[in-house]
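Asks: Protein chains in written order, with this note's numbering: chain A, 1 to 277; chain B, 1 to 406.
Incorrect hints may have been included.
[Stated by the list, open to error] With a cut-off of at most 27 Å between alpha-carbon atoms, the simulated BS3-like pairs for lysine-lysine come out as follows:
| # | chain 1 | residue 1 | chain 2 | residue 2 |
| --- | --- | --- | --- | --- |
| 1 | B | Lys-355 | B | Lys-377 |
| 2 | B | Lys-177 | B | Lys-401 |
| 3 | A | Lys-118 | B | Lys-23 |
| 4 | A | Lys-19 | A | Lys-255 |
| 5 | A | Lys-71 | B | Lys-177 |
| 6 | A | Lys-92 | A | Lys-4 |
| 7 | A | Lys-146 | B | Lys-23 |
| 8 | A | Lys-71 | A | Lys-256 |
| 9 | A | Lys-4 | A | Lys-120 |
It is worth saying that the hints were derived from the structure and are not from the lab.
Okay, here's what each chain looks like letter by letter:
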Amino acid sequence: MSNKGRIERLFETRTGHEKIMSLFLTAGYPDPSETVALVRELETSGADILELGMPFSDPLADGPTIQYASKVALEQGVNLDSIFGMIREIRKTSQIPIVLMGYINPVLQYGLDAFFRKAKASDADGIILPDVPPGEFPEIEDLCRKHGIDSIHLVAPNTSDSRMQEIDRASRGFVYCVSVTGVTGTREGDEVSRSVSGFIQRVRKNVTRNPVLVGFGIRSHADAMAVSSETDGFIVGSALIDYIRGIYPGPDWIKKTGDFVRELKYGSQIREKSTHP
Amino acid sequence: MDIEKKIDSRFGSLPDNRGFYGKFGGRYVPEILIPALDELAGAFFAAMKDPAFQQHFTSLLHEYVGRETPLTYAGRLSEHFGKARIYLKREDLCHTGAHKINNAVGQVLLARRMGKTRIIAETGAGQHGVATATVCAYFGMTCIIYMGAEDIVRQKLNVDRMRLLGAEVRPVESGAKTLSNAINEAIRDWVSNVEDTFYIIGSAVGPHPYPMMVREFQSVIGKETIDQSLEQEGRLPDYVLACVGGGSNAIGMFHPLLSYENVRLYGIEAAGEGVQTPRHAATLSGGLPGILHGSLSYLLQTQYGQIAEAHSVSAGLDYPGVGPEHSFLRDSGRVTYAAVTDSDALDGVQLLSSKEGIIPALETAHAIAYLDTMMPKTQPDEFVVINCSGRGDKDMETISKFMNRT
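One chain only, chain A, in its complex shape (with noise of 0.2 Å):
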């Protein structure tokens, strides 16, 4: 591709020591008509990136909150076309980095062709299907090329060396760095910035193609710096849809939901530093 993707020109223009904030939102959690506005304040609260989550009926990589939004989601009718239709949305305002992040069966049952020209056509940057690994399903790193969507990939404190490497060479984009091996949400207390320091060394050594954000377990401004403080960034998702539970569907929800990213991403100093680069 001769054309830089959205996500590589946010990593080469980012301004000296600041984390990228990816932020996980279920695609229409709480409510599919206030995604968009929800993605705005996330945007102007400073999220740089968004994955926005594909629902589905047995995500078996997630945990309880991810599997709560994802049903709650699609009670309320939410599907790939509708999802679609919200990224064409926050698209007439925003070029915040999109990723589109689920597993592969409702992806395989739309076409897996349809699925790349629409979600190209929608303008989303890039992937992450958890339940498909490198090396594992070909067709679908082809069609990542051909489209032009960046192919995010994982890595685990067990993978090795070699395999992350392989990783690394796979992903476009980002790779993500599970903090932990767990479900989504996983938390260790403070033992994560401890366990995890030798695991991001690896991971530093390892993947030279490509940006590290590090997810998993971070809930607060100090879990983030604690475990980014060697990559480029840090992602949050359960935390964000936790924290949105708990508050839907009261006054000002989104406002309030604006207010925890701004504390997460700059911590209690908030009216110190520029809300937004």
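Add chain B to chain A, keeping to what the hints say.
Replies: Positioned in the frame of chain A, the structure of chain B alone reads:
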């Protein structure tokens, strides 16, 4: 002994080295599980080549499980149809009451060989859970069983058995609260405890090497059936029937027979309230290929690729997927798959109980019920083998309700 001619060696050589049966199978799992599956496959293939492992497995099947199980001539059942002779492969006589323990013994031995100390498993009807809890008790290993809350209610006896055997039974409250949800939860546990935990899958499903591993540990059923058929009838059967949920008893029976062209193989699924209704579990008859629980296979799913809820009166068949090798055998035409409704299966329980004094599991009863369709086509000089995969004690509550209704 010279038995019938082989048709095609391709059936015996699958899966390929990436775990595919044609286009079906594979390892569609989170990256965290890839090293675990590599380690498992390595240990499994090494164990299969290790005479000491094989010997230990065989001796446990003999001394603890009670193998070999008989091939019983069902005289009054045969008379009832007045056509071919019917035999029952008596997996119901295995210790714990079903074929599931063959695989549980094999996988626990493998876990021990790999140094894993914590065993987890899913269960639907509870037979796999009971089998796993049994073998764990025998070896003194920690055992956690995931079971749908709905199944816990309808298979209460088996829940009590598992607890008595020292296993922890963890109720799964998500989705339809049945087998499929229990597998999701077991996989989540495995993802979270991958270093010390061995996940014993009970059916011929899941990512490679599970479908193959379960088949190999269950193929003792088909191998014994071949030997016993030769001994008792002097030749191989003309028809072989087995029920199919995930398909472990069926693949164990079918696989050694695949290359004998004269043996007609029938896999019987659960049609629930009818394959034309939304309430069935007949994946191969009414599903489409898709990916669930780590492999590509036929699946019950919506037009959007969401997994549909299966329904069967039999908890062990109540699963929206099926083993990938069955999908391959369906498409290749080697095995004929058909489906039988809940009420026909309950009639099947009564038929076998009254004619032979054998109360079959509701799962097994699906294969029995299919005799109504199949037997008229048979000839008096032919013979049929039904895999009697389990006994029906665990289903007495459901069966009693049905009997009192009619």
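Asks: For each hint, tell me whether it holds in the structure or not.
Replies: Evaluation of the provided hints:
no.: 1; hint: B/Lys-355 to B/Lys-377; result: holds, 21 Å
no.: 2; hint: B/Lys-177 to B/Lys-401; result: holds, 22 Å
no.: 3; hint: A/Lys-118 to B/Lys-23; result: holds, 26 Å
no.: 4; hint: A/Lys-19 to A/Lys-255; result: holds, 23 Å
no.: 5; hint: A/Lys-71 to B/Lys-177; result: holds, 14 Å
no.: 6; hint: A/Lys-92 to A/Lys-4; result: holds, 20 Å
no.: 7; hint: A/Lys-146 to B/Lys-23; result: holds, 23 Å
no.: 8; hint: A/Lys-71 to A/Lys-256; result: holds, 23 Å
no.: 9; hint: A/Lys-4 to A/Lys-120; result: holds, 14 Å
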